[in-house]
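Fit chain B to the known structure of chain A by using the hints.
Given next are the chains, with one letter for each unit.
There are 2 protein chains.
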Amino acid sequence: MKVLLLFAHPEARSLNGALRDVAVAELRRQGHEVQVSDLYAQGWKAAIDRADFPGLAANERLVPAAASKAAFEVGDLTQDVQEEIDKLRWADVLILQFPLWWFSMPAILKGWVDRVYACGFAYGVGEHSDKRWGDRYGEGNLAGKRAMLIVTTGGWEPHYGARGVNGPIGDLLFPIHHGILFYPGYDVLPPFVVYQTGRLDEAGFEATAEQLRERMRTLATTPPIPYRRQNGGDYLIPSMELRPGLGAPSRTGFALHLRDEDAGSSR
Amino acid sequence: MKVLLLFAHPEARSLNGALRDVAVAELRRQGHEVQVSDLYAQGWKAAIDRADFPGLAANERLVPAAASKAAFEVGDLTQDVQEEIDKLRWADVLILQFPLWWFSMPAILKGWVDRVYACGFAYGVGEHSDKRWGDRYGEGNLAGKRAMLIVTTGGWEPHYGARGVNGPIGDLLFPIHHGILFYPGYDVLPPFVVYQTGRLDEAGFEATAEQLRERMRTLATTPPIPYRRQNGGDYLIPSMELRPGLGAPSRTGFALHLRDEDAGSSR
Chain A
378 MKVLLLFAHP
388 EARSLNGALR
398 DVAVAELRRQ
408 GHEVQVSDLY
418 AQGWKAAIDR
428 ADFPGLAANE
438 RLVPAAASKA
448 AFEVGDLTQD
458 VQEEIDKLRW
468 ADVLILQFPL
478 WWFSMPAILK
488 GWVDRVYACG
498 FAYGVGEHSD
508 KRWGDRYGEG
518 NLAGKRAMLI
528 VTTGGWEPHY
538 GARGVNGPIG
548 DLLFPIHHGI
558 LFYPGYDVLP
568 PFVVYQTGRL
578 DEAGFEATAE
588 QLRERMRTLA
598 TTPPIPYRRQ
608 NGGDYLIPSM
618 ELRPGLGAPS
628 RTGFALHLRD
638 EDAGSSR
Chain B
378 MKVLLLFAHP
388 EARSLNGALR
398 DVAVAELRRQ
408 GHEVQVSDLY
418 AQGWKAAIDR
428 ADFPGLAANE
438 RLVPAAASKA
448 AFEVGDLTQD
458 VQEEIDKLRW
468 ADVLILQFPL
478 WWFSMPAILK
488 GWVDRVYACG
498 FAYGVGEHSD
508 KRWGDRYGEG
518 NLAGKRAMLI
528 VTTGGWEPHY
538 GARGVNGPIG
548 DLLFPIHHGI
558 LFYPGYDVLP
568 PFVVYQTGRL
578 DEAGFEATAE
588 QLRERMRTLA
598 TTPPIPYRRQ
608 NGGDYLIPSM
618 ELRPGLGAPS
628 RTGFALHLRD
638 EDAGSSR
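Residue numbers (my numbering), protein chains in the order written: chain A, 378 to 644; chain B, 378 to 644.
So that you can see chain A by itself, here it is in the shape it has in the complex (with noise of 0.2 Å):
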C-alpha cells in the first residue's frame, strides 16, 4: 500500500519524531511505500488568506469556500496545496501524528486541512436530491481509503476515560475523525493514543513502540470506526437527522452515528 504520514510536532528530537520513525520504519519493512509531510520542516503556511487564491481580483471580496472552489475547478491552487492534493490521491492509507494541544490539533494541522480540503475536492462534491445530500460522510473524492491518527498527550488515560474529567477521548476525537477523514470518504481506523507522555522511560516507550508496530502491520485488516453512511438511508434528508427509531434509547450525542449492529462507545 501507499502510505501518507502527516507529522506535525515542531521537534525532531521529541518522543513524536521517536514515534514517527519507528511507524514508517515497519512500514517499510512491510513493503509499504511511505511519503511523510513533515509540516514544521515544509514550513507549512497555516492560516488561509487571500495569498491562497491568486486569481482573486486585489479588490474582490474573499469568501473562502467560492474561491477554494474557483482555484480547485481552474487548477488554480498554490503549488503548496496542489502538492498535498498529489499525495492525498496518491496514498490507500492517511496518518495523521501530532500532539493533542487543547484537546485537539496544533494549529498548523488544523491549517493543513482548512487549506488542502479544497471545495469541489473535500466538500461541496456530488448531488443534493431527495435521496443524496451531496457525497460526504462515507462518500467523496477519498472513499475507500483509511485514515487513522496518532496521538500523544500529557494527560493520563483515565482522564480521558468515560467518566474522567477532559471527556472521553473517542469523544474529543469525532470532529477530526468523522468530522475531517470521514467526511471525504476515508473509513477511520481507532487512534493510537500514548498517554502521560512526560512519565514514559525506555521500557514504556519500548512497549508502545511494539504496541505501534503492531497498528502499522494490521493497517489493512483493522475494522473501522463503524460509522453510518449519510446516504445509506439513516438520514432523513433535507433534515439530515437519523430516522427515528434508529440508535439504540440508550445512546445519545455522538454515539448515535454508529451503527446499530455496534455496540459501544464512539471510538
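Just so you know, not all the hints are guaranteed correct.
Identical copies carry no separate label here, and so any pair may be met within one copy or between two of them.
[To be verified] Capping the alpha-carbon separation at 30 Å, the derived lysine-lysine pairs in DSSO-like fashion look like this:
#1 Lys-464 to Lys-522
#2 Lys-446 to Lys-379
#3 Lys-446 to Lys-464
#4 Lys-422 to Lys-464
#5 Lys-379 to Lys-422
Rather than coming from a laboratory, the hints here were simulated on the basis of the structure.
Frame of chain A; chain B shown alone:
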C-alpha cells in the same frame, strides 16, 4: 465591563465582519470598554515553534510546555503573545468569534490558543495533592471572568441537532467550551450560533443582529453552562473520574460533566 473580542475571519467585508461590528457597537452603547484582536489584520503567527522562545539555546531540544513555562516565568515571551496575555488579564469577558471550519476553529485562532495559553498562565497552575489536581476546570488565572463564542456555519441547524448527522453543536464545541475556556477558569456562556450563512437575506441578517445585540446586553446576567468544578468534590483524585453515583444514568459522554441539578444537553 471590559470586553475582549477575538476575531478570526480573513475578510472584513463578510457576515462575520458585519456581526462583529454589531456586537462591538452594542457593547459600547452599553458603556462597556471593548478591545478587538483581529488576528488576520494583526498578521498573527499561528504555529508555535522555536521562534516563540528566544531564550532557548540553538541546540536545545524544544519541549513546548517546558519552554513556555520557562519563558513565562522570566517574562521572556514574544511581544505579540505578551500583549494578548495582558488583554486577557484586562478583560472581564472574552468573546471568540469565528466561522466553524471543519467542526472547529480556524487554524489562526487555534494558533492563538496554542501560543497565548502559556504554561504557568493558562495551565500548569496550582498545587497537586489528594484534594486538588491543579487549578483548572473552573479555577485558575482566568476564574471570575466570562467567555462565549460567536460562531457561523453554512450548515443547517437540524444537521447540528441532537440527532443531526454532524453531531450536536454543543458536543462539537465542548473541546473549546470545556477544554479551552472552562479549563483556565472562565464561566462559559452558551454560544451564539448562526446557521445557513449562505442563505441569510437582509431580513434574516437584521433578525440575527438583534438576537446578537440581546446577547451583548445580557453578558453579565446570562447563566453559564453549569460544568462541574474539578476540585469541588465530584471527581476522584488522581484518576479524575466522576465519582460513582454522580451523573444521571441516562447521561454519558460530555453531558456527565454538567452538574446533576441541571438537566439537558451538554450546552
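Hints and how they fare:
| no. | hint | verdict |
| --- | --- | --- |
| 1 | Lys-464 to Lys-522 | within (13 Å within a copy, 45 Å between copies) |
| 2 | Lys-446 to Lys-379 | within (27 Å within a copy, 40 Å between copies) |
| 3 | Lys-446 to Lys-464 | within (19 Å within a copy, 37 Å between copies) |
| 4 | Lys-422 to Lys-464 | both (17 Å within a copy, 26 Å between copies) |
| 5 | Lys-379 to Lys-422 | within (25 Å within a copy, 33 Å between copies) |
The structure is consistent with each of the numbered hints, conforming to all of them.
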